[in-house]
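Protein chains: 2
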Amino acid sequence: MSERVARGTGEPHLAEKVYNKLCQDLQDGLYAPGAKLILRDVAAEFGASLTPVRDALNRLVGERVLEMGSNRTISVPIPLAAEVREIRRIRMELEGFAAAEAASKGSAGEFADIRVDCDAYAHARRAGDARRMLEANRDFHFKVYAAARMPFLLEMIKGLWLRNGPLQYLLSRSATAPLERSDDHHGAVMRALDERDPEAARQGIRNDIDYATNDIILALAELREKSLA
Amino acid sequence: MSERVARGTGEPHLAEKVYNKLCQDLQDGLYAPGAKLILRDVAAEFGASLTPVRDALNRLVGERVLEMGSNRTISVPIPLAAEVREIRRIRMELEGFAAAEAASKGSAGEFADIRVDCDAYAHARRAGDARRMLEANRDFHFKVYAAARMPFLLEMIKGLWLRNGPLQYLLSRSATAPLERSDDHHGAVMRALDERDPEAARQGIRNDIDYATNDIILALAELREKSLA
DNA sequence: TGTCAACTGTTGATATAACAAAATCCAAGG
DNA sequence: CCTTGGATTTTGTTATATCAACAGTTGACA
Chain A
1 MSERVARGTG EPHLAEKVYN KLCQDLQDGL YAPGAKLILR DVAAEFGASL TPVRDALNRL
61 VGERVLEMGS NRTISVPIPL AAEVREIRRI RMELEGFAAA EAASKGSAGE FADIRVDCDA
121 YAHARRAGDA RRMLEANRDF HFKVYAAARM PFLLEMIKGL WLRNGPLQYL LSRSATAPLE
181 RSDDHHGAVM RALDERDPEA ARQGIRNDID YATNDIILAL AELREKSLA
Chain B
1 MSERVARGTG EPHLAEKVYN KLCQDLQDGL YAPGAKLILR DVAAEFGASL TPVRDALNRL
61 VGERVLEMGS NRTISVPIPL AAEVREIRRI RMELEGFAAA EAASKGSAGE FADIRVDCDA
121 YAHARRAGDA RRMLEANRDF HFKVYAAARM PFLLEMIKGL WLRNGPLQYL LSRSATAPLE
181 RSDDHHGAVM RALDERDPEA ARQGIRNDID YATNDIILAL AELREKSLA
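Just so you know, the sequences run in chain order A and B.
Under the numbering used here, residues 1 to 229 are what the first sequence spells out, in order.
Under the numbering used here, residues 1 to 229 are what the second sequence spells out, in order.
Think of the hints as simulated: they come from the structure by calculation, not from any bench.
Just so you know, nobody snuck in bad clues.
Below, computed lysine-lysine pairings styled on DSS-like, alpha-carbon distance capped at 27 Å: (1) A:Lys36 x B:Lys17; (2) A:Lys17 x B:Lys36; (3) B:Lys158 x A:Lys158; (4) B:Lys158 x B:Lys143; (5) B:Lys105 x B:Lys143; (6) B:Lys21 x B:Lys143.
From a predicted model like this one, the values you see are computed outputs, not experimental measurements.
With these hints in hand, go ahead and build the complete structure from the sequences.
Written as structure tokens, this is what we have:
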């Protein structure tokens, strides 16, 4: 039953596989906020023992993607609206900063690549394809941030996104799911990049985050209301 | 040999004790950058088994305070100068933002409390007491950030500080240890808070971080030079 | 019928054993 | 003196057993 292990190579061990899969699923909004992650259940899912699962979960707790309750239960956080608002402000600072840097330091090639996702987003929205919208939106944002050439900043932003991945779960099930219309903001960012105008890029991203978060806050209120019923 | 465990209460379990102690020691610069953390050694130090130590270390890895090498060895990161510079810029954004918020939202009582640490810092510097300087400096900064009333932001900033805690290890052993003279910047922040001038507070903190990081970069260069010898 | 205590299953915490990859060491050979 | 090859030790990985806290259930008794 003991799995072959590879150390030293880039080959992922079991703990890392579990970690990666959980990240993926969290990002894709497959876990509801509040969902508990039972060690033995997750272990069974992967056909693994507790140890690698503990490793993965503890790492996620360190990243604040999961939280450990006072009873030591690990679960997907249900942020308070105030917390979502706080994270929105932090994201506006950090991602705005990254966009401004990108406008200064990005290459024309990168910008062309970014435009593809910008168009893909608009196209997907017109087609009403929610999944593609999500994907294109994410690619658009992260390609902008990558153009800032600040790897650690990119990591931090990824962490913030992962953190509200589960909230997209809500969004995707929300009655009022508004299919956010970020086209204008994305377009503004795109123009700012081409014109190498850092402040305009910053402001475009800030607006995008500002508006998009409103939907999340609404969905969250809806969840709370439902959980009282 | 099995330790009594308390679940549900706020009482820390073994893994958490290990985690807290490591945080403390890292923050105090007791670990050199590049130091390896051997599972069994740490476990022996705490008279514990591997499991709780794995828990603590994995969490620290998640927080990017420690890093896992390709051979799965966990160690204190030795950042490249470029990384230190990147983190400096991120800190300037984030901590500058927090200071600006503090100027808007902090209470007069908080400001009075902050002034104590500001004075303590100046006093410790004149007395040449390096340890007290460090302490007063940290208290000063974090009290400012706490006044912004953004708990998650505070967490993130703590993470960034923890991350270059080990670099203070270098500083404390550096031949050119410059005993940074942050008095002016601290004073500027202090004035900005009292006058409720967010932009001045932001700029004061930004300057402080900017200058203070230079010392770290110098010490880092010194380390690299020494490690080549 | 309502209440409470004992029982039982669940779940996280810890310790430990077995294993494999890396690292280290040491001796033989060039 | 340096290299090289294998033996030995170190060290991370995984699985597993045991224990204590917790939750839910059942059943006895008032």
